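Chemist: Could you build all of it, start to finish, from the sequences and the hints given here?
Each residue of the sequence shown is one higher than the one before, starting from 12 at the first, in the working numbering.
Hints are computed from structural coordinates only; laboratory data are not their basis.
Note that the structure is a prediction, hence the values are computed from the model and not measured.
Cβ atoms here follow ideal geometry from the backbone N, Cα and C, with glycine treated the same way.
Hints may be right or wrong, so weigh each one.
Claimed, not checked - Using C-beta positions, here's what the derived DEER-type ranges look like:
(1) W76 with D114: 23 to 31 Å
(2) V130 with F155: 34 to 42 Å
(3) N117 with I59: 14 to 22 Å
(4) D75 with G127: 38 to 46 Å
(5) G33 with I71: 20 to 28 Å
(6) Y63 with F40: 44 to 52 Å
(7) P160 with F40: 35 to 43 Å
(8) L13 with E121: 39 to 47 Å
(9) P160 with T135: 35 to 43 Å
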Amino acid sequence: MLSSVLRYLRLPFVMLTIWALGRFVIGFFAEFSPRTNATFSVVVMTLITSLYFGAMSKSIGGLDWKGTALAGASIGVVAQLLIIFFTVVSLAAGLNTYYVHWDALNVPPETPITWGTVVFARSTGIVVNTIMAALEACLGRLLFAGLAPKAA
Numbered sequence: 012m013l014s015s016v017l018r019y020l021r022l023p024f025v026m027l028t029i030w031a032l033g034r035f036v037i038g039f040f041a042e043f044s045p046r047t048n049a050t051f052s053v054v055v056m057t058l059i060t061s062l063y064f065g066a067m068s069k070s071i072g073g074l075d076w077k078g079t080a081l082a083g084a085s086i087g088v089v090a091q092l093l094i095i096f097f098t099v100v101s102l103a104a105g106l107n108t109y110y111v112h113w114d115a116l117n118v119p120p121e122t123p124i125t126w127g128t129v130v131f132a133r134s135t136g137i138v139v140n141t142i143m144a145a146l147e148a149c150l151g152r153l154l155f156a157g158l159a160p161k162a163a
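Modeler: Written as structure tokens, this is what we have:
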């Protein structure tokens with residue numbers, strides 16, 4: 012089942028990688044602001060992707076409900092691993108990107124960004140966002156499966 016889920020999710024994995032890289036690169040060229048922060052929100056992209064790939068999981072992916080939940084969880088894990096990767100690169104290289112901004116780590120503005128802060132924030136994120144993505148995929152299937160195209 013895992014191999015069929017991963018094969019079904021190739022496109023979202025590519026899109027999430029592009030989105031995470033875009034968020035990394037935009038940090039070099041723009042001062043942080045809520046508007047530019049939302050331009051490449053990996054978490055929002057994760058939830059939207061989970062919703063519509065959950066909706067298509069039966070008709071296109073041929074997945075049952077467990078497969079739909081696994082698809083959402085897989086999208087969530089990959090997104091969070093990308094976030095962790097770019098956070099580690101940013102912190103290790105001393106780069107001032109959105110991945111190490113206080114708002115992205117959910118800490119107060121004057122909190123020093125240390126490895127401990129990063130590990131706590133990102134480990135919480137991988138658990139919470141993986142569960143949210145799995146639930147979002149199931150919600151997408153429940154609400155929108157009737158709108159999904161049929162497999163050719």
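Chemist: If a hint holds in the structure, say so; if it doesn't, say that too.
Modeler: Taking the hints in turn, this is what the structure says about them:
| no. | hint | result |
| --- | --- | --- |
| 1 | W76 with D114: 23 to 31 Å | 36 Å, violated |
| 2 | V130 with F155: 34 to 42 Å | 36 Å, holds |
| 3 | N117 with I59: 14 to 22 Å | 21 Å, holds |
| 4 | D75 with G127: 38 to 46 Å | 41 Å, holds |
| 5 | G33 with I71: 20 to 28 Å | 26 Å, holds |
| 6 | Y63 with F40: 44 to 52 Å | 30 Å, violated |
| 7 | P160 with F40: 35 to 43 Å | 38 Å, holds |
| 8 | L13 with E121: 39 to 47 Å | 44 Å, holds |
| 9 | P160 with T135: 35 to 43 Å | 36 Å, holds |
Violated hints, listed in ascending order, are 1, 6; each of the other numbered hints is respected by the structure.
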